[in-house]
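Asker: I would like the entire structure built from these sequences, with the hints used as guidance.
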Amino acid sequence: MNKPINKNQSGVGLIEILVVVSIISITLASLAGVGNFALKIQHRTKQNTIAAFLAVESIEAARAIKDGQWGTLTSFSANTPLHPIKNPSLFQWTLADGEESINGFQRQLLISNVYRDGSFNITTSGGTLDDNTKKITSIVSWNDNGQSRQITLVDYLTNWKP
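For the sequence shown, UniProt numbering gives the first residue as 1, with consecutive numbering after it.
Calculated directly from the structure, the hints in this document are not laboratory data.
Among the clues, some could well be false.
[What the hints assert, rightly or not] Below are the DMTMM-like pairs computed for lysine to aspartate or glutamate, each with C-alpha atoms no more than 25 Å apart in a straight line:
| hint | residue 1 | residue 2 |
| --- | --- | --- |
| 1 | 86 | 117 |
| 2 | 66 | 99 |
| 3 | 66 | 144 |
[Said to hold, decoys possible] If you anchor each label on the Cβ, the simulated ranges turn out as follows:
| hint | residue 1 | residue 2 | range |
| --- | --- | --- | --- |
| 4 | 74 | 98 | 15 to 21 Å |
| 5 | 29 | 121 | 57 to 63 Å |
| 6 | 131 | 103 | 35 to 41 Å |
| 7 | 45 | 18 | 38 to 44 Å |
| 8 | 98 | 148 | 16 to 22 Å |
Here a beta-carbon is modelled for each residue, glycine too, at the ideal position from N, C-alpha and C.
Answerer: Here it is in structure tokens:
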């Protein structure tokens, strides 16, 4: 019942082990690459989310200022970079000149005049100045691994109770 050992097959076990180790190594390297890619995507998503929240916060601050007193919002020069500041003692927002830097993000808010055509539609050129509408543009920019990124949100605020 004992079979004689064939001397020609003495290295087959070693070759099988090398093949299995190679397959496992390639699989682990692929999983490491996928994991690294997932971490990069997660980081970029986190950065985009933070930037979006900062941009929305600026728009909401402008809306809160408008709701408190329309004249405060219109007192700033058109297209001058501003940034919101929360006054904790008064629980209200104010706007300050210049761009704001927050943890590697640069944020600015632009307040622009709005013009309307003869049909009262907003127009980019010509038209009549609408004193009761302002275009609010919130821009958040940051540097992500040497690449410049930016999120821009635009909203129109109106003085609906002049």
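Asker: Now tell me, hint by hint, if it's right for this structure.
Answerer: Status of each hint after checking the structure:
no. : hint                     : result
1   : 86 with 117              : 36 Å, violated
2   : 66 with 99               : 20 Å, holds
3   : 66 with 144              : 34 Å, violated
4   : 74 with 98: 15 to 21 Å   : 19 Å, holds
5   : 29 with 121: 57 to 63 Å  : 59 Å, holds
6   : 131 with 103: 35 to 41 Å : 37 Å, holds
7   : 45 with 18: 38 to 44 Å   : 41 Å, holds
8   : 98 with 148: 16 to 22 Å  : 19 Å, holds
This entry does not satisfy hints 1, 3, going by the numbered hints stated previously.
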